[in-house]
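In order, the protein sequence lines correspond to chains A and X. The numbering of the first sequence is this note's numbering, which starts it at 73 and goes up by one. The numbering of the second sequence is this note's numbering, which starts it at 131 and goes up by one.
Hints are computed from structural coordinates only; laboratory data are not their basis. Keep in mind that the hints are not guaranteed to be accurate.
As the list claims (entries may be wrong) - On the chain A side, residues computed to face chain X include the following (Cβ under 7 Å): (1) GLY112; (2) GLY114; (3) ASN117; (4) SER175; (5) LYS178; (6) PHE185; (7) ILE197; (8) LEU208; (9) GLN232; (10) GLU237; (11) SER238; (12) TYR280; (13) SER326; (14) PRO330; (15) ASP399; (16) LEU401.
Stated by the list, open to error - List of simulated lysine to aspartate or glutamate pairs, DMTMM-like, C-alpha gap at most 25 Å: (17) LYS508(X) <-> GLU485(X); (18) LYS375(A) <-> GLU182(X); (19) LYS452(X) <-> ASP440(X); (20) LYS188(X) <-> GLU105(A); (21) LYS336(A) <-> ASP172(X); (22) LYS148(X) <-> ASP158(X); (23) LYS161(X) <-> GLU337(A); (24) LYS257(X) <-> GLU271(X); (25) LYS375(A) <-> ASP158(X); (26) LYS173(X) <-> GLU337(A); (27) LYS336(A) <-> ASP359(A).
Just so you know, these numbers come straight off a predicted model, no measurement behind them. We treat Cβ as the ideally placed atom computed from N, Cα and C, and that holds for glycine.
As a plain string of letters, each chain reads:
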Amino acid sequence: MAIKKKERGASEASAKELVGYYREMLLVRRFEEKAGQLYGMGLINGFCHLYIGQEAVVIGMQAAAGAADSCITSYRDHGHMLACGMDPKGVMAELTGRAGGYSRGKGGSMHMFSREKRFYGGHGIVGAQVPLGAGLGFAHKYSKDGGVAHVYCGDGAVNQGQVYESFNMASLWKLPVVFVIENNKYAMGTSSERHAAGQELYKRGAAYGIPGEAVNGMSVLAVRDAAIRALAHARSGQGPYILEMMTYRYRGHSMSDPAKYRSKEEVTRMREQHDPIDQLKEKLLADGIIDEAGLKDIDREVKALVGEAADFSQSSPEPDPSELWTDVLIEA
Amino acid sequence: MPIQVLMPALSPTMTEGKLANWLKAEGDAVKAGDVLAEIETDKATMEMEAVEDGVLGKILVAAGTEGVAVNTPIALLLGEGEDAASLSAAPAAIAATAVAPTPVAAAPAAVALPPAAPDEKVYASFKRQTVREALRDAMAEEMRADPKVFLLGEEVAQYQGAYKVSQGLLEEFGAERVIDTPITEMGFAGLACGAGYAGLKPIVEFMTMNFSMQAIDHVINSAAKTLYMSGGQQPCSIVFRGPNGAASRVGAQHSQDYASWYAHCPGLKVVAPWSAADAKGLLKAAIRDPNPVVFLENELLYGQSFDVPDDPDFVVPIGRAKIERAGAHVTITAYSRMVQVALDAAELLKAEGIEAEVINLRSIRPLDVATIVASVKKTNRIVNVEEGWAVAGIGSEIAALMMEHAFDWLDAPVVRVAGADVPMPYAANLEKLALPQPDQVAEAARAVCYRR
Chain A
73 MAIKKKERGA
83 SEASAKELVG
93 YYREMLLVRR
103 FEEKAGQLYG
113 MGLINGFCHL
123 YIGQEAVVIG
133 MQAAAGAADS
143 CITSYRDHGH
153 MLACGMDPKG
163 VMAELTGRAG
173 GYSRGKGGSM
183 HMFSREKRFY
193 GGHGIVGAQV
203 PLGAGLGFAH
213 KYSKDGGVAH
223 VYCGDGAVNQ
233 GQVYESFNMA
243 SLWKLPVVFV
253 IENNKYAMGT
263 SSERHAAGQE
273 LYKRGAAYGI
283 PGEAVNGMSV
293 LAVRDAAIRA
303 LAHARSGQGP
313 YILEMMTYRY
323 RGHSMSDPAK
333 YRSKEEVTRM
343 REQHDPIDQL
353 KEKLLADGII
363 DEAGLKDIDR
373 EVKALVGEAA
383 DFSQSSPEPD
393 PSELWTDVLI
403 EA
Chain X
131 MPIQVLMPAL
141 SPTMTEGKLA
151 NWLKAEGDAV
161 KAGDVLAEIE
171 TDKATMEMEA
181 VEDGVLGKIL
191 VAAGTEGVAV
201 NTPIALLLGE
211 GEDAASLSAA
221 PAAIAATAVA
231 PTPVAAAPAA
241 VALPPAAPDE
251 KVYASFKRQT
261 VREALRDAMA
271 EEMRADPKVF
281 LLGEEVAQYQ
291 GAYKVSQGLL
301 EEFGAERVID
311 TPITEMGFAG
321 LACGAGYAGL
331 KPIVEFMTMN
341 FSMQAIDHVI
351 NSAAKTLYMS
361 GGQQPCSIVF
371 RGPNGAASRV
381 GAQHSQDYAS
391 WYAHCPGLKV
401 VAPWSAADAK
411 GLLKAAIRDP
421 NPVVFLENEL
431 LYGQSFDVPD
441 DPDFVVPIGR
451 AKIERAGAHV
461 TITAYSRMVQ
471 VALDAAELLK
481 AEGIEAEVIN
491 LRSIRPLDVA
501 TIVASVKKTN
511 RIVNVEEGWA
521 VAGIGSEIAA
531 LMMEHAFDWL
541 DAPVVRVAGA
551 DVPMPYAANL
561 EKLALPQPDQ
571 VAEAARAVCY
581 RR
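Hey, can you work out the whole structure from these sequences and the hints?
Structure, rendered in structure tokens:
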């Protein structure tokens, strides 16, 4: 994978923080594997887009997030919710369409929100979250709360016109926004070589005066370093910043994707040589930050959390039939 | 105890499939993520991955087996510290957790009449104002009252509004709250929805509602549906306003009435004022409303003057129609500029001894069905007038509602007077022919009164 070398060394993350990133990435990984398993059992239906392989991106971004920051993304959103601190039980129960889900079973995989955690969805129309996220940035500026909007989109979404409408306004009005392009190399089944004129997506804001950089999105520390730079820029009133995260999804676009548009060797190579969790694990062991027994404890704890979420997602009842008619409008 | 590997569902519709091939043999060590087998669905051959680390202890369904139902155990995986002896301990097939089917909830009885909106306050003193001034005053008053309210759109600030509706607002509220946007409807509508998510109260001006087609994804998918999709957690209080329908000789792309497009969607409120009082009272209500409201103005009305209640608390509740002219013989419903056309028709009919009751709908969603039904129970006849096309239009909706709620009181079929079923022509004579005129409305009223 061609990576533009801009990362600095493994910054000042403390041992405790490093172990925390490992645990959070593992939680996303195990959660998604369990979701895939429940889908296979017919307990989750419809569209279900797994984040496996891309964990370092959102965990690295959140590692640098400020207290007032907000987050918005597309439909590949479970990892972002967990990274924002949303409860795995509520997320999994939404996937199974139960009353205990974040949207009480009315949203599904692509539509969950938590105003408490400042997570603004979960959006199913490719690219629509980008102007919405610029609006979150607008609100940060309008209310002077010091927050920055973290606005995620994929490499496919950057071909949508509204992304450039957003770049233009965000730069024109100096909105505190970091646009995070998660370039996993495939817009559903169409490789970036086949969908994008020009492979350096981080340059797509250049005409609007938005600085951008490509980042090794398989390294949580490289992501964190870049996030610190980008967020500081946006927070200081200099306007938006673009981070192109070079990443990879191991699974298909959605559950029903046989992924015949790429070779098995490519997937295997990414998994074996660039896995974000394995890489951090090796570093933790090599630096003597944690030992095998410590890693096993984390494994067990994460497995238990995911197990609880899976259990809850099956024991939580389906929404009451009366729920069909609620939440259409707020009664004024 | 060994872990059962179940036949997976690999698409939203899959109930069974063929176990095409095993890629691991009994005794092989597997890691989570390793491909165990290939499964053929009706659409594709998919790889099935292990979800746990372990050793493939036993294959229960041989490669090549067709019609394997989803959730059938197909293999046993030995966990840490387990060996072949553990296999006998595995339980037989476990049925997948069955989700009890729930009966489909019945829609609220189709014939139940929605409750009437509360009565409007009566006001004593009035001032003469144009619709344009009334809209401006409504925004200014609400912006004074709530710092979260702001206005954005093309030419709303320095230019004072393409139709001068926002005159003076920049001066009073400054550039942080009265914001000129680039010509980028989809972008600024989406941005405004995001600001709405964050708790601000945007007023989005479209230079015309025709341009809102560039932004309709955000009006529908981002504003109208989010409260529901979030289980009530994420509101979006926002107003989308601008001139709607035909102006004068501006051609097909600048003349469409979008009332029925927006009224189709749950999660939105849609209002269409006629008079300056409607405009002011409804816009104040729309800005205060916690839901997304589509506010349909009309360019030809901007310069017309009406009496507006001179009271700081004046507001018109959304969902309340207004009887503009009482009459016993036929009901004529209309909204926006067509209210004037209906009133003009009523004058023509009066000369012939037909007293028409003209109802200004004001609110398209929710529609004030109770007021229309009460009128029809008196007149037994109804004609709807709209600028938009008849197909799937507001008149079609009213016709259906009258069947549901007033069938036994109707003495004649409901008649729709609507815009001609063509893109709007430019030529003066053709444009006039394409829009409902008072004599057409009068003719429709005579027809339902059997007075032709």
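Comparing the hints with the structure gives:
Evaluation of the GLY112(A) hint against chain X yields a held restraint, the C-beta minimum of about 3 Å falling below 7 Å. Contact between GLY114(A) and chain X, as hinted, is supported at the beta carbon level, the nearest pair being about 5 Å apart and thus within 7 Å. Taken as an interface hint, ASN117(A) checks out: its beta carbon lies about 6 Å from the nearest beta carbon of chain X, inside 7 Å. Residue-level restraint check for SER175(A) holds (minimum Cβ-Cβ distance to chain X is 4 Å; threshold 7 Å).
Because the smallest distance between the Cβ of LYS178(A) and any Cβ of chain X comes to about 5 Å, under 7 Å, the interface hint for this residue holds. Below 7 Å, beta-carbon pairs count as interface contacts, and PHE185(A) has one with chain X at about 4 Å; its hint therefore holds. Because the closest C-beta pair between ILE197(A) and chain X is about 5 Å apart, less than 7 Å, the hint holds. Contact between LEU208(A) and chain X, as hinted, is supported at the beta carbon level, the nearest pair being about 5 Å apart and thus within 7 Å.
Contact between GLN232(A) and chain X, as hinted, is not supported at the beta carbon level, the nearest pair being about 9 Å apart and thus beyond 7 Å. Using the Cβ-Cβ criterion of 7 Å, the hint placing GLU237(A) at the interface with chain X is satisfied: the shortest such distance is roughly 3 Å. The restraint placing SER238(A) at the interface with chain X holds, with a minimum CB-CB distance near 6 Å, inside the 7 Å limit. Interface restraint check for TYR280(A): the shortest CB-CB distance to chain X comes to about 11 Å, outside 7 Å, so the restraint is violated.
Contact between SER326(A) and chain X, as hinted, is not supported at the beta carbon level, the nearest pair being about 9 Å apart and thus beyond 7 Å. Among the interface hints, the one on PRO330(A) holds; its C-beta lies about 4 Å from the nearest C-beta in chain X, closer than the 7 Å criterion. Proximity of ASP399(A) to chain X holds as hinted, the smallest CB-CB distance being about 4 Å (cut-off 7 Å). This hint holds: LEU401(A) has a C-beta 5 Å from the nearest C-beta of chain X, less than the 7 Å allowed.
At most 25 Å may separate the alpha-carbon atoms for a hinted pair to count; LYS508(X) and GLU485(X) meet this at roughly 12 Å. Simply put, LYS375(A) and GLU182(X) have alpha-carbon atoms about 11 Å apart, close enough for the 25 Å limit, and the pair holds. The hinted pair formed by LYS452(X) and ASP440(X) meets the criterion: a straight-line CA distance of about 19 Å does not exceed 25 Å. The hinted pair formed by LYS188(X) and GLU105(A) meets the criterion: a straight-line CA distance of about 22 Å does not exceed 25 Å.
Note on LYS336(A) and ASP172(X): the hinted pairing holds, with a Cα-Cα distance of about 22 Å set against a maximum of 25 Å. Proposed proximity of LYS148(X) and ASP158(X) is supported: the alpha carbons are some 22 Å apart, at most 25 Å. Taking the CA atoms of LYS161(X) and GLU337(A), the gap is near 17 Å; set against the 25 Å cutoff, the hint holds. Of the pairs offered as hints, the one joining LYS257(X) and GLU271(X) holds, with about 16 Å between alpha carbons and a cut-off of 25 Å not exceeded.
Taking the CA atoms of LYS375(A) and ASP158(X), the gap is near 23 Å; set against the 25 Å cutoff, the hint holds. About 23 Å separates the Cα atoms of LYS173(X) and GLU337(A), which keeps this hinted pair within 25 Å; it holds. The straight-line distance between the Cα atoms of LYS336(A) and ASP359(A) is roughly 33 Å, outside the 25 Å bound, and the hint therefore fails.
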